[in-house]
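Colleague: Residue strings, one per chain:
Protein chains: 2
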Amino acid sequence: MSVSRLFTEADLARGVEAPLGGAQAHYLRHVMRHEEGARLLLFNGRDGEWNATLSLRGKKSAAAIVETQTRPQAAEPDLWLCFAPVKSARIDLVAEKATELGVAVLQPVFTRHTAVARVNVERLRAGAIEAAEQTERLTVPEVRAPVELGGLIDRWPVGRRLLMCDETGGGPPIAEALTALDPAARRDPWAILIGPEGGFARAELEALRRMKDVTSVGLGPRILRADTAALAALACWQAMLGDWGKPTPRLASDYRTSRTSR
Amino acid sequence: MSVSRLFTEADLARGVEAPLGGAQAHYLRHVMRHEEGARLLLFNGRDGEWNATLSLRGKKSAAAIVETQTRPQAAEPDLWLCFAPVKSARIDLVAEKATELGVAVLQPVFTRHTAVARVNVERLRAGAIEAAEQTERLTVPEVRAPVELGGLIDRWPVGRRLLMCDETGGGPPIAEALTALDPAARRDPWAILIGPEGGFARAELEALRRMKDVTSVGLGPRILRADTAALAALACWQAMLGDWGKPTPRLASDYRTSRTSR
Chain P
1 MSVSRLFTEA DLARGVEAPL GGAQAHYLRH VMRHEEGARL LLFNGRDGEW NATLSLRGKK
61 SAAAIVETQT RPQAAEPDLW LCFAPVKSAR IDLVAEKATE LGVAVLQPVF TRHTAVARVN
121 VERLRAGAIE AAEQTERLTV PEVRAPVELG GLIDRWPVGR RLLMCDETGG GPPIAEALTA
181 LDPAARRDPW AILIGPEGGF ARAELEALRR MKDVTSVGLG PRILRADTAA LAALACWQAM
241 LGDWGKPTPR LASDYRTSRT SR
Chain W
263 MSVSRLFTEA DLARGVEAPL GGAQAHYLRH VMRHEEGARL LLFNGRDGEW NATLSLRGKK
323 SAAAIVETQT RPQAAEPDLW LCFAPVKSAR IDLVAEKATE LGVAVLQPVF TRHTAVARVN
383 VERLRAGAIE AAEQTERLTV PEVRAPVELG GLIDRWPVGR RLLMCDETGG GPPIAEALTA
443 LDPAARRDPW AILIGPEGGF ARAELEALRR MKDVTSVGLG PRILRADTAA LAALACWQAM
503 LGDWGKPTPR LASDYRTSRT SR
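Just so you know, the sequences run in chain order P and W. Numbering (this note's numbering) for the first sequence: 1 to 262. Numbering (this note's numbering) for the second sequence: 263 to 524.
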């Protein structure tokens with residue numbers, strides 16, 4: 001019997017009736033074919049993860065009756081991914097994979113050579129929620145509205161370090177650069193910045209290199225697509241500075257193997 | 263003016279006329295709209311990379327006249343990716359990203375809980391060639407025919423180490439495990455093994471753990487899709503053990519920024 005795991009905006013506590021949106025109700029009834037009383041897992045990014053049961057209300061609506069907490073709330077590492085938007089299918093992939101790889105914030109950034117002029121933020125948010133549901137996260141990454149690179153640099157938060165993936169070959173290898181960080185730097189909040197397929201313009205590179213606490217790194221001798229570079233840098237950061245030192249949650253195997261992916 | 267970079271089976275040397283296949287000729291003429299004499303880059307996995315010019319022959323065929331070598335041949339790290347096949351769009355992604363991340367061999371592996379019964383090896387090969395053309399590799403990964411996990415273990419090559427991504431949470435974190443390797447182990451040939459979405463069966467896990475030179479690792483507290491796990495493990499391996507210590511090739515910027523992706 002498969003268990004559906006859902007994100008909700010509702011507060012979660014024993015006995016609460018969390019309303020389910022129309023899309024969620026449709027998914028549970030008609031895609032998953034769950035019936036009244038089906039077991040669900042809910043999280044909202046604040047109250048941990050809870051067991052709940054499905055309560056069907058009329059033809060199109062449903063609610064979840066919240067029962068017991070399965071996991072207390074825990075934060076993801078304070079890591080932003082700042083990325084120049086790429087084509088639709090690939091940007092969906094960035095949102096999905098970055099969520100699995102544990103980012104806290106997804107920040108699209110327009111640069112001089114960015115070929116894509118528009119970002120569908122709502123679509124990215126939906127993709128991030130779906131990935132968070134599947135990856136056992138207790139939070140959903142915040143998907144921010146796109147900004148220009150110049151504005152991002154001007155309003156850069158004090159104390160947040162920047163890992164800049166520099167395809168011009170200017171930086172040391174990522175493993176060497178991350179290993180060389182002092183313990184204080186390792187604990188700071190970070191952001192990873194990935195440029196557009198066409199690379200940063202020279203003036204952009206210069207402005208980035210003038211920032212405080214910027215670490216330029218290279219990702220090896222092969223040219224990576226922007227989406228691949230984002231995922232590779234995230235994986236290396238999590239493995240070396242992030243929370244991959246924590247164990248994988250031990251889930252009951254019947255839950256793992258029966259999980260149905262949407 | 264964009265330059266197309268193509269893989270060819272032909273031997274490459276000054277003055278050679280390398281025949282171009284029908285699909286390549288169509289792509290160059292009708293997608294890229296190249297004309298007679300257009301500049302190309304060719305590689306074959308043996309002779310390095312060469313400048314060439316396009317020679318159009320009739321309506322549907324074309325050849326490349328090979329001129330000067332731009333880079334001598336260099337090997338990729340001796341790294342295999344052994345992976346349980348996933349659904350079509352996601353397996354294409356694994357082939358593309360693994361090529362960018364520098365694998366030498368792609369080995370599909372059927373396991374007990376593998377949901378996909380068939381692998382289109384020719385399609386994976388085509389995806390690997392296209393990714394190799396775009397990622398500036400001088401080789402194309404070898405895409406092998408699928409094998410059963412039991413057969414893979416029985417015929418495991420002596421001296422090849424196995425990095426096993428163990429979602430049951432049995433392994434230490436990947437960065438810790440790779441850092442702890444002795445220098446001889448770091449230089450050995452390696453393979454990365456990623457299980458199916460449903461996890462390995464208990465008997466499979468036991469057989470894998472009985473292998474010589476197997477390193478089980480965890481990829482952190484979030485459950486990763488199989489394709490994400492493959493890319494994350496590849497990135498960490500390349501950063502910590504592979505060739506990411508080598509610099510990114512410095513390409514002329516007009517070449518980089520005008521490269522058109524297919």
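Honestly, the hints are just simulated from the structure, not real lab data. Being a predicted model, the structure only gives us computed values, none of them experimental. Do not take every clue at face value.
Here are the computed lysine-lysine pairs in the DSS-like style, where the Cα-Cα straight-line distance is at most 30 Å [what the hints assert, rightly or not]:
1) W:474 to P:246
2) W:508 to P:212
3) P:87 to W:349
Over 12 Å on every C-beta distance to chain P, these chain W residues come out as not near it, computed from the model [said to hold, decoys possible]:
4) 319
5) 479
6) 508
The C-beta atom is built at its ideal place from N, Cα and C for all residues, glycine as well.
Colleague: Just to be careful, I want the Cα atoms of residue 474 (chain W) and residue 246 (chain P) compared with a cutoff of 30 Å; is the pair within it?
Modeller: Holds, because 26 Å separates the two Cα atoms, which is no more than 30 Å.
Colleague: Assess, step by step, whether the Cα of residue 508 (chain W) is no farther than 30 Å from the Cα of residue 212 (chain P), and give holds or violated.
Modeller: 26 Å, holds
Colleague: Verify this label for me: residue 508 (chain W) is non-interface relative to chain P, using a Cβ-Cβ cutoff of 12 Å.
Modeller: 4 Å, violated
Colleague: For residue 479 (chain W), which was marked as not at the interface, is the minimum beta-carbon distance to chain P over 12 Å?
Modeller: 9 Å, violated
Colleague: So if I understand the rule, the pair passes when the alpha-carbon distance is 30 Å or less; does residue 87 (chain P) with residue 349 (chain W) pass?
Modeller: Roughly 22 Å separates the two Cα atoms, so the pair holds.
Colleague: With d taken as the least Cβ-Cβ distance between residue 319 (chain W) and chain P, does d exceed 12 Å?
Modeller: Residue 319 (chain W) clear of chain P: closest Cβ-Cβ about 31 Å, beyond 12 Å.
Violated hints for the displayed structure, listed by number in ascending order: 5 and 6.
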